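S.K.: Chains as they are written, first to last, in our numbering: chain A, 1 to 261; chain B, 1 to 273; chain C, 1 to 290.
Treat the hints with caution; some may be incorrect.
As the list claims (entries may be wrong) - Some chain A residues close to chain C (C-beta under 10 Å, calculated; not the full set): (1) A26; (2) R41; (3) L97; (4) E99; (5) A115; (6) A117; (7) N121; (8) S197; (9) I199; (10) L237; (11) L242.
Just so you know, the hints here were simulated from the structure itself, not pulled from any lab data. Since this is a predicted model, take the numbers as computed values, not measurements. We put the CB at the ideal spot given by N, CA and C, even for glycine.
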Amino acid sequence: MTAALLTEVRRLRPPSALPAALTALAVLVAWEVVVRVFAIRPILLPAPSAIAATFVADVPRLVRALVVTGRAALLGFVLGSLGGFAVGAAATRWRVLREGLIPVGVVFGAVPIVATAPIFNLWLGALSIWSNVAVVALVVFFPMMINTITGLASASDSHRELMRSYAAPQRQVFAKLLLPASLPFVFGALRVSAALSVIAAVVSDFFGGFRDSAGFFIKTLMANADYTGSWATVVALCLFGLLLYGAVALAERWSVPWKEQ
Amino acid sequence: MTSPEEAAVTVEAGPPVVAAAEPTVAVRHVTRTFGEVTALSDVSLDVAPGSFVSLIGPSGCGKSTLLRVIADLLEPSSGEVVVAGKTPHRARTDRDYGMVFQKATLFDWRTVRRNVELPLELMGWDRTRRRARADEMLALVELTDFAKHRPAQLSGGMQQRVAIARALAFSPKLLLMDEPFGALDEITRERLNLELLDIWTKTRTTVVFVTHSIPEAVFLSTDVVVMSPRPGRVLRRIPVDLPRPRDTGTRELDRYFELVTEVRETLRGAGLL
Amino acid sequence: MSRRGRTAINLVAILAGLAVLWEAYRAFALATGNMWPGTDVALPVAVRGSGNAQQFPHVWEPVLALGRPYRGGGETLGAFLLGQVGYTLREVLAGFVLGSLLGFLLGTLFAHSRLAERSLMPYVIASQTVPFIAFAPILVVGFNSLESFPRWSGVAALSMYLVFFPMTVNTLRGLRSAPATAEELMRSYAASWWTRLWKLRVPAAVPYLFVGMKIGATAAVVGAIVGELSAPSSQGLGAAIFSFGRVSNNSVQLFATTLVAGLVGIASFSTVALLERAVLRAYAGAGPAR
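In isolation and in its complexed conformation, chain A is listed as follows:
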């Protein structure tokens, strides 16, 4: 569902950079002015300048937080995507799986999977990175599974007929037709998962666990009335999320060049 959505996003016209950049500048200036003129309490909204100052001062702490949270996000991203792809690919071979897994994916897509974080803490230990990794992997698993099934089924009937006319064995039909045809879908899922994995890692932090994690900082700093520190951590996480997303987008441009026209 979310995967389909981001594919849709890509189809929208790419915006030119100038109006967007001007908007960013305008928003930041307006934000700063409003906070100063109306003397808004930092608990509601700190000034961007204050957040930036805290960000710069806190770089070592932020890097440590990103390492802890980012590690779990990345590991879960990789394992969940591989798992989703493997199950999705297996589903092309067995009809029960092929027809049954899509509704299973829809059902689990409607479930707040991040809420399983305490269960994984219980199973794997709240202080084990694997409990965070497991939540991320589970969140990432379903979009990848669905998109793999959809992608591997996306080759048209006439393409399949062509391969049949060549008497191509199943293995070659998979390698030369089904797999390349599925790549845009697989990358669609990867793009969604890039965002989801960071989200799941942070939420998993919220449920307890590592003292140095980004989620832990956001929560405790907020409780200790260090609002700008909390904001700075969120900004750092956003940057990490964009980085991961950008990396996936780059890999996609490189591996799916035919979708660029």
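Starting from the known structure of chain A, arrange chains B and C on it as the hints suggest.
M.R.: Chains B and C in isolation, oriented as in the chain A frame:
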């Protein structure tokens, strides 16, 4: 050209002794049903080596089904098909025929050249040979300059030429074409008709060509097979005795108009026009 | 058999298969003493504990736990959770309705003004590639500092935030989905912008709006639960998951509560999906590819 009936008798009498007399495609009393619907009813058809046979008729007359039965993409419900002296299945696994569909059916992710290489890859040709052959085929369809383009960058007509190059790349004995120019505009279509005839003359491949265009069928073929729907069967086989080589002038000959009229009258006689 | 019937059977078969796998793992771990047989390597998840403290209960035990008092005596877990579901649903509903409206308005604005789309759309998209859910504690604490708002409004605001994006994108796509020829036809009647919007573009957008709302229905539940666990207010399903998760001898209750949270998500999605089916059936029009 022997009539289908005579050829059928020859085959039933035993294996032909003279190779030249053996039809490239022999369809014997083939019936094919899809559930309640009879797509083909007792169809017999011979395609002599080197001939260009068009199957023509309205939608639902089973012409595409017949092509797929020959290609072993569908099995006949009853009857027998012989392709290049073998069962269609054997002919398919031996890669005895190339196929062109209405849609070009190119692989978006491959360049034009690598699309033409696809069947050669599946047949295990090495890279150098593959590449040389693909370039040769691209020269034949006059797309040498587009070898490195992707299909999406080509017009519909160019894409279909790539599909033809791909189908002929491994020099199959037989070329099966399923309304290959059906989705193209009339002008592009006439130009590709000329090109196809040129390629056919050069390669001497046997062609079975499905179309719903009467002028196209008459212009291209050695024989036009008129089919009727519900159930699909052969109405008549019309030999085309237009002089060769055919060119744009052919379409202005009186004989051409007579033959077009003859096909049309056959369809009208069956209440299809 | 109808396609839907077969889908349902496949779905049940796979869920039953997962339950069997769960029980098989449980039996296996109990038999081997939580070790890979013949080695001294521990299984990833240990099966231990008894009563409410079981770490890997039978699949049916969380369900049975719903009917039992959840601490010492008095109220059953089911009754307690029902109250929490009510609290959470209020946030979900508020977030969903406000987020959908905001998304619809923003999408309409973007459809109307290329400049607005170009200036704001990149941020709408970028906002979904970053973990904005990390704002949960900030939003909730911030809202709670405002005395004029009820305590649940911070969580509702987070839900709203997660809902508005899919709605914006789908509104924009939907409003642009009317064929150009239909737009030309309306122009040939000299129809005003408003008439074209209400008689052509909005009707054409309806299937897309439902796609956005279905995504939003799930997102609203996720937002509410994540919001609750970061709020100190200690109410709602998210807070219940959090508190059961902290005390290890309540693990069966934790499983039960997580299960209920999942059902709330499915119910929220299904409500919109059923509404969609009813509306689109009345329409009998083609929807977007789903």
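S.K.: Take the hints in turn and mark each one as holding or not.
M.R.: Evaluation of the provided hints:
no., hint, in the structure
1, A26, "9 Å, holds"
2, R41, "7 Å, holds"
3, L97, "8 Å, holds"
4, E99, "5 Å, holds"
5, A115, "5 Å, holds"
6, A117, "8 Å, holds"
7, N121, "6 Å, holds"
8, S197, "9 Å, holds"
9, I199, "4 Å, holds"
10, L237, "5 Å, holds"
11, L242, "6 Å, holds"
Checked against the numbered hints given earlier, this structure breaks none of them.
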